[in-house]
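Engineer: Listed below are the residues making up each chain.
Number of protein chains: 2
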Amino acid sequence: MAAVSGEARAGVLKTPHGEVETPTFMPVGTRGSVRGLSPAELRAAGAGVVLGNTYHLYLRPGTGVIREAGGLHAFTGWDGPMLTDSGGYQVFSLSRIRRLSEEGVEFTSVYDGSVHSFTPELVTKAQEEIGADIAMVLDECPPADAPYDYHADSMRRTARWAARCKAVHDRRDQALFGIVQGGLFADLRAESLRRTVETGFDGYAIGGLSVGESREEMLEVLGGVAPELPEEKPRYFMGIGDPIGVLQVIALGVDMFDCVLPTRLARHGAALTSRGKINLKNARYRTDFEPLEEGCPCEACSGYSRAYLAHLVREGELLGARLLSLHNVTFLGRLCSEARQHIVCGDYESWMSHRIELYASGEARGVLE
Amino acid sequence: MAAVSGEARAGVLKTPHGEVETPTFMPVGTRGSVRGLSPAELRAAGAGVVLGNTYHLYLRPGTGVIREAGGLHAFTGWDGPMLTDSGGYQVFSLSRIRRLSEEGVEFTSVYDGSVHSFTPELVTKAQEEIGADIAMVLDECPPADAPYDYHADSMRRTARWAARCKAVHDRRDQALFGIVQGGLFADLRAESLRRTVETGFDGYAIGGLSVGESREEMLEVLGGVAPELPEEKPRYFMGIGDPIGVLQVIALGVDMFDCVLPTRLARHGAALTSRGKINLKNARYRTDFEPLEEGCPCEACSGYSRAYLAHLVREGELLGARLLSLHNVTFLGRLCSEARQHIVCGDYESWMSHRIELYASGEARGVLE
Numbered sequence: 001m002a003a004v005s006g007e008a009r010a011g012v013l014k015t016p017h018g019e020v021e022t023p024t025f026m027p028v029g030t031r032g033s034v035r036g037l038s039p040a041e042l043r044a045a046g047a048g049v050v051l052g053n054t055y056h057l058y059l060r061p062g063t064g065v066i067r068e069a070g071g072l073h074a075f076t077g078w079d080g081p082m083l084t085d086s087g088g089y090q091v092f093s094l095s096r097i098r099r100l101s102e103e104g105v106e107f108t109s110v111y112d113g114s115v116h117s118f119t120p121e122l123v124t125k126a127q128e129e130i131g132a133d134i135a136m137v138l139d140e141c142p143p144a145d146a147p148y149d150y151h152a153d154s155m156r157r158t159a160r161w162a163a164r165c166k167a168v169h170d171r172r173d174q175a176l177f178g179i180v181q182g183g184l185f186a187d188l189r190a191e192s193l194r195r196t197v198e199t200g201f202d203g204y205a206i207g208g209l210s211v212g213e214s215r216e217e218m219l220e221v222l223g224g225v226a227p228e229l230p231e232e233k234p235r236y237f238m239g240i241g242d243p244i245g246v247l248q249v250i251a252l253g254v255d256m257f258d259c260v261l262p263t264r265l266a267r268h269g270a271a272l273t274s275r276g277k278i279n280l281k282n283a284r285y286r287t288d289f290e291p292l293e294e295g296c297p298c299e300a301c302s303g304y305s306r307a308y309l310a311h312l313v314r315e316g317e318l319l320g321a322r323l324l325s326l327h328n329v330t331f332l333g334r335l336c337s338e339a340r341q342h343i344v345c346g347d348y349e350s351w352m353s354h355r356i357e358l359y360a361s362g363e364a365r366g367v368l369e
Numbered sequence: 370m371a372a373v374s375g376e377a378r379a380g381v382l383k384t385p386h387g388e389v390e391t392p393t394f395m396p397v398g399t400r401g402s403v404r405g406l407s408p409a410e411l412r413a414a415g416a417g418v419v420l421g422n423t424y425h426l427y428l429r430p431g432t433g434v435i436r437e438a439g440g441l442h443a444f445t446g447w448d449g450p451m452l453t454d455s456g457g458y459q460v461f462s463l464s465r466i467r468r469l470s471e472e473g474v475e476f477t478s479v480y481d482g483s484v485h486s487f488t489p490e491l492v493t494k495a496q497e498e499i500g501a502d503i504a505m506v507l508d509e510c511p512p513a514d515a516p517y518d519y520h521a522d523s524m525r526r527t528a529r530w531a532a533r534c535k536a537v538h539d540r541r542d543q544a545l546f547g548i549v550q551g552g553l554f555a556d557l558r559a560e561s562l563r564r565t566v567e568t569g570f571d572g573y574a575i576g577g578l579s580v581g582e583s584r585e586e587m588l589e590v591l592g593g594v595a596p597e598l599p600e601e602k603p604r605y606f607m608g609i610g611d612p613i614g615v616l617q618v619i620a621l622g623v624d625m626f627d628c629v630l631p632t633r634l635a636r637h638g639a640a641l642t643s644r645g646k647i648n649l650k651n652a653r654y655r656t657d658f659e660p661l662e663e664g665c666p667c668e669a670c671s672g673y674s675r676a677y678l679a680h681l682v683r684e685g686e687l688l689g690a691r692l693l694s695l696h697n698v699t700f701l702g703r704l705c706s707e708a709r710q711h712i713v714c715g716d717y718e719s720w721m722s723h724r725i726e727l728y729a730s731g732e733a734r735g736v737l738e
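Line by line, the protein sequences give chains A and B. Position 244 of the first sequence, counted from 1, bears residue number 244 in this note's numbering, the numbering being contiguous throughout. Position 256 of the second sequence, counted from 1, bears residue number 625 in this note's numbering, the numbering being contiguous throughout.
A hint or two may mislead.
Computed spacing ranges between beta-carbons, pair by pair [said to hold, decoys possible]:
(1) B/Phe658 <-> A/Ile97: 33 to 39 Å
(2) B/Arg467 <-> A/Glu290: 38 to 44 Å
(3) B/Ala443 <-> A/Glu357: 31 to 37 Å
(4) A/Val12 <-> B/Arg541: 48 to 54 Å
(5) A/Val344 <-> B/Phe658: 43 to 49 Å
(6) A/Arg96 <-> B/Phe658: 32 to 38 Å
(7) A/Ser101 <-> B/Ala729: 47 to 53 Å
(8) B/Ser462 <-> A/Val12: 57 to 63 Å
(9) B/Gly664 <-> A/Pro227: 40 to 46 Å
(10) A/Glu21 <-> B/Phe658: 31 to 37 Å
(11) B/Glu597 <-> A/Ala40: 44 to 50 Å
(12) B/Gly439 <-> A/Glu19: 50 to 56 Å
(13) A/Gly6 <-> B/Phe658: 35 to 41 Å
(14) B/Phe658 <-> A/Asp173: 50 to 56 Å
Derived DSBU-like pairs (lysine-lysine); straight-line CA-CA distance at most 30 Å [what the hints assert, rightly or not]:
(15) A/Lys166 <-> A/Lys14
(16) A/Lys281 <-> B/Lys650
(17) A/Lys233 <-> A/Lys277
(18) A/Lys125 <-> A/Lys14
(19) A/Lys233 <-> A/Lys125
(20) B/Lys494 <-> A/Lys125
Hints in this document: simulated from the structure, not taken from any laboratory. Cβ atoms here follow ideal geometry from the backbone N, Cα and C, with glycine treated the same way.
Full structure from sequences and hints, please.
Structural biologist: Structure representation (structure tokens):
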């Protein structure tokens with residue numbers, strides 16, 4: 001670890017496709033493309049690790065096609081670090097489950113209703129074929145409000161699945177991360193952590209949060225887990241991308257996090273700024289000829305006015321979603337980079353409070369929404 | 370004129386925002402954006418002149434906003450040559466006409482049904498506000514199958530409208546082009562040409578073709594008009610973008626042409642290649658790891674395989690439409706540039722026959738569709 005400030009950590013993630021300074025926000029390229037952005041633009045936006053979703057890639061175009069292409073790096077043209085999830089989250093959130101057993105999970109495809117089975121062994125091998133730098137174990141992610149017994153059984157099965165993933169994983173140039181589950185129950189989280197760390201992985205994710213619980217509950221659970229993880233291994237919080245949340249999980253010692261939020265917001269015409277999220281469909285932006293965010297080096301902020309971006313968004317022009325995606329990914333990249341500087345300087349907490357206050361100020365003053 | 374080969378011409382179009390070698394294909398940025406492409410990409414694709422549609426820009430965001438932004442160049446970030454149509458074509462093809470009179474045309478907006486009137490004076494001033502390098506006169510574009518008397522009346526009214534446009538046009542840094550109408554009737558075309566040239570414009574467009582008539586009829590009418598236009602003035606064929614058609618109108622002495630085809634095809638997953646148009650949704654491309662077109666310098670052809678592009682297209686990823694748009698615009702730009710070389714060499718006709726044969730060969734051999 002390069003530096004710590006409270007629980008917050010500044011480090012360097014080393015992968016076969018390059019090193020990434022942490023904390024780092026990882027944009028999501030669900031189907032082998034971060035919506036609307038080219039690899040060169042992701043690079044320019046400061047993206048370190050890019051995510052792919054095994055669930056989607058397994059179904060379309062199929063891992064066979066990706067293997068034939070020489071892996072997901074060659075297929076997509078992104079030559080930087082890459083992480084694939086195991087598909088577990090998508091199976092449980094997008095598909096109809098036909099059967100869930102010790103062996104694995106049988107589900108119907110969200111694309112065409114065809115029936116498929118994921119086992120720990122299958123998703124591990126699929127991720128080896130896809131060839132990302134970091135693969136994830138198969139886990140079940142139960143709803144936050146599922147009962148205690150359900151969470152307990154599920155977490156223990158996830159722990160057994162993780163061990164099976166590790167047993168068959170033999171791609172030396174690919175890291176494998178375990179996932180801590182257990183819902184909002186402190187004892188289950190502690191047990192999950194202990195079991196996952198005992199199995200032993202190259203890094204540890206915290207899953208099953210940001211799935212419907214309150215932000216306070218989420219932070220409480222995370223605060224109980226993250227600092228207990230092995231200090232020398234990367235810590236990945238699955239699924240957070242709002243600027244305040246990002247700063248809060250960094251404060252608790254998270255190194256990596258991902259979310260579709262910045263690109264999804266962009267497609268709906270919203271942009272992240274230091275003074276809050278702004279909705280470019282708001283009438284006031286029709287004649288606002290200022291850049292989106294003063295000082296932002298992204299293409300959207302250097303070549304265009306808010307008025308033009310607002311026009312593109314209103315008319316549903318592809319360029320609008322694309323420029324806003326570029327900006328939102330750049331915004332989160334810069335936020336992480338600034339966070340890192342303040343961790344190194346040792347004043348992360350006070351800087352974070354200032355940034356959160358500033359971010360919230362837009363809305364509070366009625367100037368931005 | 371730099372060179373001629375038969376009726377085909379190689380020239381240079383000079384505008385306040387730069388010079389463009391002709392013949393030149395002009396991509397269409399209907400609403401102030403060529404679907405999915407940034408100005409830098411248009412530049413890289415070899416685009417010379419970019420089109421804007423006055424009808425759309427007048428209604429959204431409104432010419433007032435564009436004037437406030439400092440004109441369409443400043444608003445959109447495209448600093449090269451730009452042409453706006455008068456909106457006539459869109460009024461007659463997209464809107465419900467409430468009243469058509471000597472004064473002008475009253476219509477309902479395609480966006481919200483609101484009522485607007487276009488007169489020659491209004492569209493001329495609107496185009497001055499938009500500030501393109503080249504503006505067009507207001508014309509009526511009747512359906513190809515309208516009766517003779519309708520075409521005659523319409524063409525004469527268009528000629529009178531053109532004179533009114535010229536009378537109020539006073540932006541010195543903006544060229545104004547007249548439009549020859551007259552449907553498929555040789556005598557009406559001749560009269561339209563005579564009247565339009567008598568009024569006198571900086572360039573001449575041939576309108577009212579590619580609107581439902583056969584390709585043979587179109588070429589016959591064009592062959593009667595284009596060579597009769599003033600030799601020293603640019604000749605603009607409104608609305609053609611298929612590679613064979615482009616080569617055929619160049620052969621008849623056209624210097625400029627526009628069409629939404631290359632970007633529309635791209636959004637539907639089709640790419641233009643030397644050996645014909647290919648539909649990337651076809652199953653054979655799922656595992657075709659060759660580039661779209663060998664030797665093409667565009668981003669789609671240098672960074673990605675057909676298999677990846679096919680995947681993006683099938684999944685409706687924004688990047689797919691964008692990369693194919695970039696390729697199709699690049700393809701037409703290169704085709705025009707090659708055409709120019711062969712006009713200069715004096716072997717345009719034989720080169721064109723070869724290219725048309727090659728383009729048609731894909732489909733004939735059952736290799737491409």
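Engineer: Now tell me, hint by hint, if it's right for this structure.
Structural biologist: Do the hints match the structure? See the list:
1. B/Phe658 <-> A/Ile97: 33 to 39 Å: holds (35 Å)
2. B/Arg467 <-> A/Glu290: 38 to 44 Å: holds (39 Å)
3. B/Ala443 <-> A/Glu357: 31 to 37 Å: holds (35 Å)
4. A/Val12 <-> B/Arg541: 48 to 54 Å: 60 Å Cβ-Cβ, so the 48 to 54 Å window is violated.
5. A/Val344 <-> B/Phe658: 43 to 49 Å: holds (44 Å)
6. A/Arg96 <-> B/Phe658: 32 to 38 Å: Holds, at about 34 Å.
7. A/Ser101 <-> B/Ala729: 47 to 53 Å: Check failed, 58 Å falls outside 47 to 53 Å.
8. B/Ser462 <-> A/Val12: 57 to 63 Å: Holds - the Cβ-Cβ distance for B/Ser462 and A/Val12, about 59 Å, lies within 57 to 63 Å.
9. B/Gly664 <-> A/Pro227: 40 to 46 Å: At roughly 57 Å between Cβ atoms, A/Pro227 and B/Gly664 fall outside 40 to 46 Å, so the hint is violated.
10. A/Glu21 <-> B/Phe658: 31 to 37 Å: Holds, at about 34 Å.
11. B/Glu597 <-> A/Ala40: 44 to 50 Å: holds (48 Å)
12. B/Gly439 <-> A/Glu19: 50 to 56 Å: violated (44 Å)
13. A/Gly6 <-> B/Phe658: 35 to 41 Å: violated (49 Å)
14. B/Phe658 <-> A/Asp173: 50 to 56 Å: violated (22 Å)
15. A/Lys166 <-> A/Lys14: Given that 30 Å is the threshold and the Cα spacing comes to 20 Å, the pair holds.
16. A/Lys281 <-> B/Lys650: Distance ~34 Å between A/Lys281 and B/Lys650 Cα, so the pair is violated.
17. A/Lys233 <-> A/Lys277: The hint is violated at about 33 Å.
18. A/Lys125 <-> A/Lys14: holds (22 Å)
19. A/Lys233 <-> A/Lys125: holds (23 Å)
20. B/Lys494 <-> A/Lys125: violated (65 Å)
Comparing the model with each numbered hint stated earlier shows that hints 4, 7, 9, 12, 13, 14, 16, 17 and 20 do not hold.
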